[in-house]
Amino acid sequence: MEPTLPTPCAVTGDSPPCTFPSQGTLPHGSRATIPLANQRQHGGPVTTHDHNTINVGTLFDLTGKIALVTGGSRGIGRMITEGFLQAGATVYISSRKAEVCDQVAAELSAIGPCHSLPADIAQDDDRARLVAALGERTDRLDILVNNAGAAWGADYADFPESGFRKVLELNVTALFFLTRDLTGLLAQAASPDDPARVINIGSMDGIKVPTVLRTATFPYSASKAAVHHMTKALALELAPRHITVNAVAPGFFESKMTQQSLERYRDDIERHCPLHRIGRPEEMAGVAIYLASRAGAYTNGAVIPVDGGTSVT
Numbered sequence: 000m001e002p003t004l005p006t007p008c009a010v011t012g013d014s015p016p017c018t019f020p021s022q023g024t025l026p027h028g029s030r031a032t033i034p035l036a037n038q039r040q041h042g043g044p045v046t047t048h049d050h051n052t053i054n055v056g057t058l059f060d061l062t063g064k065i066a067l068v069t070g071g072s073r074g075i076g077r078m079i080t081e082g083f084l085q086a087g088a089t090v091y092i093s094s095r096k097a098e099v100c101d102q103v104a105a106e107l108s109a110i111g112p113c114h115s116l117p118a119d120i121a122q123d124d125d126r127a128r129l130v131a132a133l134g135e136r137t138d139r140l141d142i143l144v145n146n147a148g149a150a151w152g153a154d155y156a157d158f159p160e161s162g163f164r165k166v167l168e169l170n171v172t173a174l175f176f177l178t179r180d181l182t183g184l185l186a187q188a189a190s191p192d193d194p195a196r197v198i199n200i201g202s203m204d205g206i207k208v209p210t211v212l213r214t215a216t217f218p219y220s221a222s223k224a225a226v227h228h229m230t231k232a233l234a235l236e237l238a239p240r241h242i243t244v245n246a247v248a249p250g251f252f253e254s255k256m257t258q259q260s261l262e263r264y265r266d267d268i269e270r271h272c273p274l275h276r277i278g279r280p281e282e283m284a285g286v287a288i289y290l291a292s293r294a295g296a297y298t299n300g301a302v303i304p305v306d307g308g309t310s311v312t
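Each step along the sequence shown adds one to the number in numbering that gives the first Met the number 0, with nothing skipped, and position 273 is 272.
For the record, the hints were derived by calculation from the structure and aren't laboratory data. A few of these clues could be false.
[Claimed, not checked] DSS-like, lysine-lysine: derived pairs with alpha carbons at most 27 Å apart:
hint	residue 1	residue 2
1	K165	K255
2	K165	K207
3	K231	K165
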């Protein structure tokens, strides 16, 4: 989840439909292959999923994959959902508001198979219903994107305990238990050559406490740092079951959550970003597709900033 300025309570925001620039394509049925050396530099055979060739044409293909994206009806979740659909996946999206979730799933079905499973994953009963509903529809889950989250802003002296708990419960606790409860379905899809994938959405605020705008994001920054650390712990825990776990740490992207910040401080935000701009939808979708595809099969326990370099300044 991207960084945010204080609001009474912000949950992943709506984002307009995004389109991704067309890329160079290969003629139908053709394959681009690159031969590999038969031995590593220091000895031992080189083995790949495609038997000593790199099939560039399918490296980022998600055809046949089944994904669940929480908070998938808007913001970064929707960007990732659209990218997955364009890459060939079947995607289930979840969000608190059933009407919105159903509407967005219907809209995105114009791209590919997209299904609505509304749930408030911060609530134990709702989370259990989501897991059960998904299990009724599929016997495996290739990709889980833990994107749903919240932010809460208030002054240090007046910060409400209820708001603090809400952020931690949704951003950290619910993420852990949903992953645990879906591990069985993930394991059903997993193999040594093609692991199942868990992609957690953290934030650059979990890498570096925001100082540019003197933003008070006490539970948000702490929760995203926890997501990054939990990602590494889960990567070790689930690797024996052929499930990889990685995190993406976004900077500023257009969404309902960042709308107020961008309206007030966009010039400052862009000035303090080394690339002097905010992120684009295809840039968020791209890193998620990498982590979900064969290209990212050997990436595990990583936290990948997608913030134009802001977190290193």
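The hints, checked one at a time:
no.	hint	verdict
1	K165 / K255	holds, 19 Å
2	K165 / K207	holds, 22 Å
3	K231 / K165	holds, 23 Å
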